[in-house]
Structures are given as C-alpha cells and as structure tokens.
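S.K.: Sequence:
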Amino acid sequence: MPRSRDVRPARARYKQRGASVSRRTHLRTPAMSFEISLEKLVYGGDALGYHQGRAVFVPRTLPGERWEVELAREAKGVWHARPLRLLVPSKERVEPPCPYFGGCGGCHYQHLDAGRQAEIKRHLLVETLRRIGKISWDKEIPVHVAAPWNYRNQADIKVGRGSDGGIELGFFEHGSHRLHAVDICAILSPRLNSLLRELKTPAWRERLAACFALELFADEADERARVIFRGSFSSSEGELLGKMALESLPGVVSVAVEGARPSRTFGETEFAYRVGEFRYKVSPESFFQASRFLLPELVEAVMRGGPLGAPGLALDLFAGVGLFSLPLAGRFERVVAVEGEPGAVADLAANARAYSLGNLRAVGVPVSEFLRRFAERRPDLVVLDPPRAGVGRNSLRRLIALAPAEIRYLSCHPPTLARDLGVLVEGGYQLDSVEMFDFFPQTFHIETLIRLTRIANR
Numbered sequence: 001m002p003r004s005r006d007v008r009p010a011r012a013r014y015k016q017r018g019a020s021v022s023r024r025t026h027l028r029t030p031a032m033s034f035e036i037s038l039e040k041l042v043y044g045g046d047a048l049g050y051h052q053g054r055a056v057f058v059p060r061t062l063p064g065e066r067w068e069v070e071l072a073r074e075a076k077g078v079w080h081a082r083p084l085r086l087l088v089p090s091k092e093r094v095e096p097p098c099p100y101f102g103g104c105g106g107c108h109y110q111h112l113d114a115g116r117q118a119e120i121k122r123h124l125l126v127e128t129l130r131r132i133g134k135i136s137w138d139k140e141i142p143v144h145v146a147a148p149w150n151y152r153n154q155a156d157i158k159v160g161r162g163s164d165g166g167i168e169l170g171f172f173e174h175g176s177h178r179l180h181a182v183d184i185c186a187i188l189s190p191r192l193n194s195l196l197r198e199l200k201t202p203a204w205r206e207r208l209a210a211c212f213a214l215e216l217f218a219d220e221a222d223e224r225a226r227v228i229f230r231g232s233f234s235s236s237e238g239e240l241l242g243k244m245a246l247e248s249l250p251g252v253v254s255v256a257v258e259g260a261r262p263s264r265t266f267g268e269t270e271f272a273y274r275v276g277e278f279r280y281k282v283s284p285e286s287f288f289q290a291s292r293f294l295l296p297e298l299v300e301a302v303m304r305g306g307p308l309g310a311p312g313l314a315l316d317l318f319a320g321v322g323l324f325s326l327p328l329a330g331r332f333e334r335v336v337a338v339e340g341e342p343g344a345v346a347d348l349a350a351n352a353r354a355y356s357l358g359n360l361r362a363v364g365v366p367v368s369e370f371l372r373r374f375a376e377r378r379p380d381l382v383v384l385d386p387p388r389a390g391v392g393r394n395s396l397r398r399l400i401a402l403a404p405a406e407i408r409y410l411s412c413h414p415p416t417l418a419r420d421l422g423v424l425v426e427g428g429y430q431l432d433s434v435e436m437f438d439f440f441p442q443t444f445h446i447e448t449l450i451r452l453t454r455i456a457n458r
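Just so you know, we're using my numbering here: the sequence shown kicks off at 1 and counts up by one.
Hints were generated in silico from the structure; no laboratory data involved.
Some hints could be false.
As the list claims (entries may be wrong) - 27 Å max Cα-Cα, derived BS3-like pairs, lysine-lysine:
id, residue 1, residue 2
1, Lys-40, Lys-158
2, Lys-158, Lys-281
3, Lys-134, Lys-91
4, Lys-139, Lys-40
5, Lys-243, Lys-200
6, Lys-76, Lys-40
7, Lys-76, Lys-134
8, Lys-158, Lys-91
9, Lys-40, Lys-91
10, Lys-200, Lys-139
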C-alpha cells in the first residue's frame, strides 16, 4: 500500500504541543505581543518557535534568538508573528546590507552569512527528503552557490500609488500585497538596477499610471534588456510607452505592452539568452531561469554521465524553451521535448530549427497528457524539470511503466520533489546522486538535481 506523505508547507505541518487547534484563518481579537525563543529554520524562510504550545513562525529571525513579537495572523492551526524587538541575538546574525530588508518581501536571509545560508538549505533539503519521501541521504551533496548579490536577470516590478498619491515602484511586503517602494535592489543585476532608477524618474512615473506591473529581463552579458509593461492601455498609450522605452531606457532593445488594445511589441521581436553554445529565443510569455549565474554549470550537470552519448531516445519533459533539449539533441539519436505552454513550445521549436536539429521533436501538450498516450520505445533517459507543483503520482506511474533506464529530476520545490521521489523509489528506481544549486542567495529557494537509475529486474 502506498505510504501517505505530508507535502504541506512547514507552516501547515507544525501544530501545537497540547492545545486545541483553532480553524480560524484570520484573527478576530486585537493583536497581542509576547516573547518567544526560536528553535529552527524551516523551509519558507521563517524560524519556528512555540508559545503556549502553539507553533509560531517568525520571519527574519534565527535559531537561538529570543524576540518580542506581535501576532499577525492565524492560518491552518499555526500562528504567524511579526518580529518587534530582538532580546537575545544569534552569533550567526549579520547586518543586512539592504535598507529595504524587513519591509520588502523579496529576500529572507540577508541577516545570515551567505555561506551559512547554503549550509542551512542543504540541511533543509536532506530533512525534507527524509520526512516526506522517506529517503535517508547521507552521501555527499555538491553545492553550487551563485554570487550573493546582483544575480537576478529577471524582475517583476510592482506599480502602485504611495501614501502621497504618487506612482511608486517596488515589491510586495512579506506575506501581503502591499507595495514596498524601492530605489534599488541588491540582488538585481546592474542593468536591471539602471532600468529601475530610470523608471522612477518623474518623466517615467507619470507614464505608468495605467500600469500595475513591469517585467525586466536582461541577457547573459547583462547588456541588452527587454521590458514588458502590464496594465490597461489605449492603443495610443501603448504605442507611446513602447517608443519611449526604446528611446530612453538604457540597454532596452525589445518592448512588449500587454493590456493595450491590441497588445504590441516594439523594437526587436525576438529576445535571446545564451547558455554555452546555444542561444535561446525567449518570448514574453515563456519562462526562463531568473539567475544569470550557474546556468552553464547546471546544463553540464544534467548532461554529465549515464547513457549520454549512446544512440537512443531521450524525453525532456517540462522542456520550456529547450534549455536541456538542445544539448540533448547532440547526444541522442532522438529527443522528444514536451511543453504545455503554447508560447514556450513555439520558442522551443524555433530554437531547434535555428540549429537544424532534425532529431528534436517539440510536442505542445501537457506532460500528463503526453504520458497517457506515449507508446513508443523505452526511453534511455528522461529529464524532468516541473514547476513547483511537481510531476504528480499518476504521471509518475505512467513514466515508471515506460521503464526509462535513467531519470534526471530538477526541482525548485523540495516538498514536491520528496513526494515524487518517494513514488519513483517505490516504482523501482534508486537515487544515485543529489546536487544542489543555490541560484538565489538571500532567499529560501533551492534548486535540486537528482539522478535516478532503474534497479535491474524491477
């Protein structure tokens, strides 16, 4: 009988020590303050402590610290509190270099040394594999860590009105949809910070009244950039935004205006990002990794070892624009790349054509649908790179029935990774290696690469 696994976020798992659990999701009493000692960091960026038997999650705090906190909200039987006053600090606490840390919700760990952050993430990964997947991993985990600052090549900038009624740009506060205005961001690349500074000038602010968000994306050299305006614009407003951006924003070569009637593109219609020997077309609606460091190392790690180089069939599931599909096509007789997002699969097909990769077939259907109907030969290798939700039990069972010799699973969410690995292990696969990529220092996010091989006679 399959084992049940709790894959809820840490906040939902920790209940009380002896007290009854309230089902309210919002407080109905005035906020109260109390003192609490924090015991451990949990996945999601908060530290966990207990007050009167109740699990309490507090952001921007560390194990071993004692704080005065204020109860902010109750959700799913646990409390979430705001840190008010540090009473006993941790020896590991450092001074956050960013003046917005604590208001802006984009970073979680600036109060912790970057090297220690990677150690904490490794520990949380191992703990999550054990608790959810029932997988005890005591072997080495190579950890690749990006530069701690100025690493993001993509940013979603929120636009709203400040207390004085003027247009402000920034990010949401922790756990809310309140805008926190910023003038600079310590984890954005230099090119994106230059764009943010320009967009905050008076000439630009008055043009952004109908805009609710901006997406900024810079290339691998941090020289060329694309801007996407999202809002509600007339045709003339959209045209003015597009032309003004090309003329005045530093490094911008491509502009998309989404929400205009009709949506428009200005400047270069194709924006590309180079990783290794390949340049990948990335349309506005396509997803691409948001860190400008470690991508070549990640591709090399996925390509390393196993059946690569032998004639055979590889499946690249959740293929995106083809980050792994293109290099796989140089190593396998046939590659089938599956992507359910129409814009991304169009980019994938275009990228394959650009390099005359006739052995690479792009399939534009959801992975679950593809696995239901795939009836070709047994794959030699399957690469999985799903979104946060993971692959899911039904799709994994269909994949197991195909009996690929090797699976390489890249995950951005340890809880669903652990759940899915439990299914694969039950289905006759063993973990050969675990590798961690810390693309996003100062945050709780973790990318994990797992290599699995099929156990003989299963």
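S.K.: All hints are to be evaluated individually against the structure, with a verdict given for each.
M.R.: Quick rundown of the hints versus the structure:
Pair hint Lys-40 plus Lys-158 does not hold up; C-alpha atoms about 32 Å apart against a cutoff of 27 Å. Simply put, Lys-158 and Lys-281 have alpha-carbon atoms about 25 Å apart, close enough for the 27 Å limit, and the pair holds. Proposed proximity of Lys-134 and Lys-91 is contradicted: the alpha carbons are some 33 Å apart, above 27 Å. Taking the CA atoms of Lys-139 and Lys-40, the gap is near 23 Å; set against the 27 Å cutoff, the hint holds.
Only pairs whose Cα atoms come within 27 Å are accepted, and Lys-243 paired with Lys-200 is accepted, the gap being roughly 18 Å. About 20 Å separates the Cα atoms of Lys-76 and Lys-40, which keeps this hinted pair within 27 Å; it holds. Distance hint between Lys-76 and Lys-134 is fulfilled; the C-alpha atoms sit about 24 Å from each other, no more than 27 Å. Between Lys-158 and Lys-91 the alpha-carbon distance is near 35 Å, which puts this suggested pair outside the 27 Å criterion.
Annotation: proposed proximity of Lys-40 to Lys-91 holds, straight-line Cα distance about 14 Å (limit 27 Å). Between Lys-200 and Lys-139 the alpha-carbon distance is near 49 Å, which puts this suggested pair outside the 27 Å criterion.
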